[in-house]
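Engineer: The residues making up each chain are set out below.
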Amino acid sequence: MALKDIEVTGNNDTRSGFGAGLLELGDTNPNVVGLCADLTGSLKMDAFQKKYPERFFQIGIAEANMIGIAAGLTIGGKIPFAATFANFATGRVYDQIRQSVAYSEKNVKICASHAGLTLGEDGATHQILEDLGLMKMLPGMVVINPCDYNQTKAATLAIAEYVGPVYLRFGRPKVPIFTPANQKFEIGKAWTINEGTDVTIFATGHLVWKAVEAAQQLEAEGLSVELINIHTIKPLDEEAILKSVAKTRCAVSAEEHNYLGGLGESIAGLLARKNPCPLEMVAVNDTFGESGTPEQLMTKYGIDTADVYAAAKRALARK
Amino acid sequence: MAAAAELKEIASQVRRDIVRMVHAVQSGHPGGSLGCADYLVALYFNSLRHNPKFAMDGIGEDLFFLSNGHISPVWYSVLARSGYFPVKELATFRHLDSRLQGHPTTKEHLPGVRIASGSLGQGLSVGIGAAEAKKLNGDSHLIYTLHGDGELQEGQIWEAAMYAAFNKIDNLIAAVDCNDAQIDGHVEEILSLGNLRAKWEAFGWTVLETNGNVIEQLLTTLDTAKRLTGQGKPIVILMKTEMGKGVDFMEGSNKWHGIAPSDAQLAQALDQLPETLGDY
Chain A
1 MALKDIEVTG
11 NNDTRSGFGA
21 GLLELGDTNP
31 NVVGLCADLT
41 GSLKMDAFQK
51 KYPERFFQIG
61 IAEANMIGIA
71 AGLTIGGKIP
81 FAATFANFAT
91 GRVYDQIRQS
101 VAYSEKNVKI
111 CASHAGLTLG
121 EDGATHQILE
131 DLGLMKMLPG
141 MVVINPCDYN
151 QTKAATLAIA
161 EYVGPVYLRF
171 GRPKVPIFTP
181 ANQKFEIGKA
191 WTINEGTDVT
201 IFATGHLVWK
211 AVEAAQQLEA
221 EGLSVELINI
231 HTIKPLDEEA
241 ILKSVAKTRC
251 AVSAEEHNYL
261 GGLGESIAGL
271 LARKNPCPLE
281 MVAVNDTFGE
291 SGTPEQLMTK
301 YGIDTADVYA
311 AAKRALARK
Chain B
320 MAAAAELKEI
330 ASQVRRDIVR
340 MVHAVQSGHP
350 GGSLGCADYL
360 VALYFNSLRH
370 NPKFAMDGIG
380 EDLFFLSNGH
390 ISPVWYSVLA
400 RSGYFPVKEL
410 ATFRHLDSRL
420 QGHPTTKEHL
430 PGVRIASGSL
440 GQGLSVGIGA
450 AEAKKLNGDS
460 HLIYTLHGDG
470 ELQEGQIWEA
480 AMYAAFNKID
490 NLIAAVDCND
500 AQIDGHVEEI
510 LSLGNLRAKW
520 EAFGWTVLET
530 NGNVIEQLLT
540 TLDTAKRLTG
550 QGKPIVILMK
560 TEMGKGVDFM
570 EGSNKWHGIA
580 PSDAQLAQAL
590 DQLPETLGDY
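Which chain is which? The protein sequence lines are A and B, in order.
All the letters of the first sequence, read from the start, carry residue numbers 1 to 319 under the working numbering.
All the letters of the second sequence, read from the start, carry residue numbers 320 to 599 under the working numbering.
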């Protein structure tokens with residue numbers, strides 16, 4: 001794969017990738033069950049609910065109960081996909097996840113849509129920018145933030161095969177589809193989109209497409225950009241990150257999250273421990289969001305293509 | 320299935336285990352543990368269809384979930400005396416590297432424990448999930464949960480209560496330890512539960528009431544509860560108990576929620592509790 005080979009094959013929301021993956025799991029894995037707290041349509045779980053009503057649990061607006069029921073279902077061998085908006089799937093039920101899922105080592109898949117600023121007009125009450133940090137701090141929790149429809153579908157299929165608690169984060173807006181259909185998703189394995197030698201951009205979630213655009217601009221200027229998609233925040237693919245910065249000696253992280261607790265922080269910790277080099281973080285600067293369109297918000301809060309581009313220039317200047 | 324006389328002897332030994340465990344490490348929760356000894360002995364040695372050769376999935380067994388995890392001493396004793404793990408392991412309660420953590424956990428793989436508890440209010444939801452799994456698996460066995468009355472102040476309990484009735488979770492028997500005691504005082508004074516029977520009934524549950532410190536009444540109530548399963552409604556047993564039951568100077572005092580007896584108090588307690596099965 002290289003930047004020049006990237007082809008946009010469509011435009012769709014990542015939550016629909018989740019819905020498609022869940023429906024496929026319904027067909028292939030009889031132990032998979034779905035739970036939702038009154039957001040079935042928003043989470044794109046309708047098709048699963050319709051086809052497998054006996055394996056779908058409508059919990060109502062009671063997220064704490066949903067997490068507990070999901071934990072209990074695992075005891076009979078079920079693989080629960082418990083889904084709601086990211087804010088209600090994490091912050092609202094942190095203690096339930098901590099005790100009944102993470103500490104109890106239950107095979108629960110917490111599936112969270114409408115994460116980050118790109119939820120848009122609903123505003124800051126719903127725009128959680130802290131969920132990656134909350135989830136990655138829980139021992140044993142796998143944290144995944146896929147970047148487009150295809151990758152989200154592939155991740156949904158992959159986490160059913162993995163035994164243990166997982167946080168799968170996706171979003172609301174339609175975004176370009178540019179990763180391969182029917183890809184094999186490997187948990188914890190970074191995906192190198194483009195090899196380069198001057199600067200590395202590590203991107204996750206909706207920022208991967210922004211990073212593709214920024215990398216294209218930088219390469220057009222004659223720079224050699226290594227672009228790596230870190231879809232799994234935890235466990236972090238430390239080997240891939242260290243190998244890349246050993247070559248480029250400067251890096252950018254890009255994510256739709258507070259810079260505290262996010263991907264950039266994980267990479268910064270790794271670099272500080274193993275191989276220090278300049279790192280510029282494209283993330284939200286420790287603030288709440290507000291109402292607006294996704295594009296307006298990404299621009300205002302500094303997580304747009306231009307911000308990734310500028311961060312790469314800063315990183316290069318610090319080499 | 321043990322009869323009442325034998326169960327009372329087991330309960331006496333369990334109470335000895337509780338006070339000895341808490342005394343040995345000078346921490347833990349003796350009051351609620353003593354109050355629930357009769358219920359857990361009646362359950363594990365009479366009603367529960369279970370296999371001490373522990374399997375996490377519990378398929379083909381009745382399952383019990385302790386939601387008020389702080390009364391771990393009584394549960395650990397009952398599990399050990401039921402054959403889940405060696406009785407001598409009770410001596411490791413709350414020690415470093417022990418499987419008998421202050422609050423129950425699956426992390427250390429203690430046989431008999433299927434979920435961590437301690438942070439209150441979560442066990443009813445977990446029990447409902449396990450009950451749903453039983454239904455999906457075509458497994459006709461039952462789910463039992465135990466809760467403190469103070470624990471019912473947690474909102475999640477009522478989310479779960481609403482869900483269970485609406486969704487006809489009729490393979491679930493919850494029990495509430497009604498001892499009117501919580502850390503800061505009497506439940507009635509801290510945050511009264513009001514008419515608890517009426518609350519559960521309004522939520523759509525079948526409600527049974529019993530004296531939770533009288534083995535014969537517990538056996539009858541547990542039998543009745545079992546007969547009422549499979550009729551479209553979840554069941555709750557409101558058990559009137561006494562905190563510290565069986566040790567006169569602890570009885571009825573919320574002070575004994577979470578403190579350990581001194582050497583002299585231990586001796587005084589053990590004098591009142593016949594050693595029936597041999598101390599660990």
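There could be a bad hint or two in this list.
Claimed, not checked - Pulled from the structure, derived: some chain B residues nowhere near chain A, Cβ distances all over 12 Å:
1) Asn365
2) Met375
3) Ser572
4) Asp598
To be verified - Here chain B is said to cover these stretches of chain A; the calculated rule only asks that three of the stretch's residues, wherever they fall, bring their Cβ under 8 Å from a Cβ of chain B:
5) 75-83
6) 286-299
These are computed hints drawn from the structure, not numbers from a lab.
These numbers come from a predicted model, not from an experiment.
Don't be surprised by glycine CBs; every beta carbon is placed ideally from N, CA and C.
Engineer: Against this structure, judge whether each hint is valid.
Structural biologist: Quick rundown of the hints versus the structure:
With a least CB separation of 23 Å from chain A, asparagine 365 (chain B) remains clear of the 12 Å interface cut-off, as annotated. Methionine 375 (chain B), annotated as away from the interface, has a beta carbon of chain A within 12 Å; the closest lies near 7 Å. Chain A leaves serine 572 (chain B) outside its interface by the beta-carbon criterion, the shortest separation being 29 Å against a cut-off of 12 Å. No beta-carbon of chain A is positioned within 12 Å of the beta-carbon of aspartate 598 (chain B); the least distance is around 32 Å.
Remark: the segment 75-83 of chain A is confirmed as covered by chain B, as 5 of its residues place a Cβ nearer than 8 Å to a Cβ of that chain, reaching the required three. Counting residues of the segment 286-299 of chain A whose beta carbon lies closer than 8 Å to any beta carbon of chain B gives 0, which falls below the threshold of three, so the coverage claim is violated.
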